[in-house]
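**Q** Construct the entire structure; sequences and hints are all you get.
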Amino acid sequence: MRVKEIMTKDPITIDMHAPVRDAAGAMKKNHIGGLPVVDGEKLVGMVTDSDILALLETGRISDDLWLPSPLEIIEVPIREFINWEKTKAALSDIGDTPVSKVMSHPVVTIGEDADIEEAASLMLREGIARLPVMRGSALVGIVTRADIVQGVGAGSEEPGENAR
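Per this note's numbering: the sequence shown ends with 164, consecutive numbering throughout.
Hints are not guaranteed to be accurate.
[Stated by the list, open to error] Within a straight-line C-alpha distance of at most 25 Å, the following computed BS3-like cross-link-like pairs (lysine-lysine) qualify:
no.	residue 1	residue 2
1	Lys29	Lys9
2	Lys42	Lys4
3	Lys29	Lys101
4	Lys42	Lys28
5	Lys28	Lys101
6	Lys28	Lys9
Please keep in mind that the hints were generated in silico from the structure rather than gathered at the bench.
**A** Laid out in structure tokens, this is it:
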């Protein structure tokens, strides 16, 4: 079975300059966990719910911003008040971060004529859950682990005799 037979055609994309808030909103609205990131028509990266959550990790918001651990917050002396104010401001501004700052790149892709076994192997090897599907340099779809599992089970109307 080929990737093009199981992929989602014409995937929802996000512009690399769009704020993370827009990417998160599109993921929520469409019940998806990731979006191909484009610059015009060119695929330049991938942004996932994990990438957005990583904004909350130490050092991911700003290179020079100190983010204290919960225990450090309790012990923050008055002289650190200014740093804490910077931290709070950064946390409230996460949604304004451009997608290009959090996306994964270079993006791992697969051709539409590849076998689903190749897609599964690539996902496992790279530790990813979705692959943009390409026809030459054009993005034509996206394939997820769930798509592959459904593709493997295609043609089976009922669960196997060993499934309960």
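**Q** Hint by hint, say whether it matches the structure.
**A** Evaluated hints:
1. Lys29 - Lys9: Roughly 18 Å separates the two Cα atoms, so the pair holds.
2. Lys42 - Lys4: Status holds; Cα separation ~20 Å.
3. Lys29 - Lys101: Cα-Cα ~22 Å, so holds.
4. Lys42 - Lys28: Between Lys42 and Lys28 the Cα gap is close to 24 Å, so the pair holds against 25 Å.
5. Lys28 - Lys101: Satisfied, since the Cα-Cα distance of roughly 20 Å is no more than 25 Å.
6. Lys28 - Lys9: holds, 19 Å
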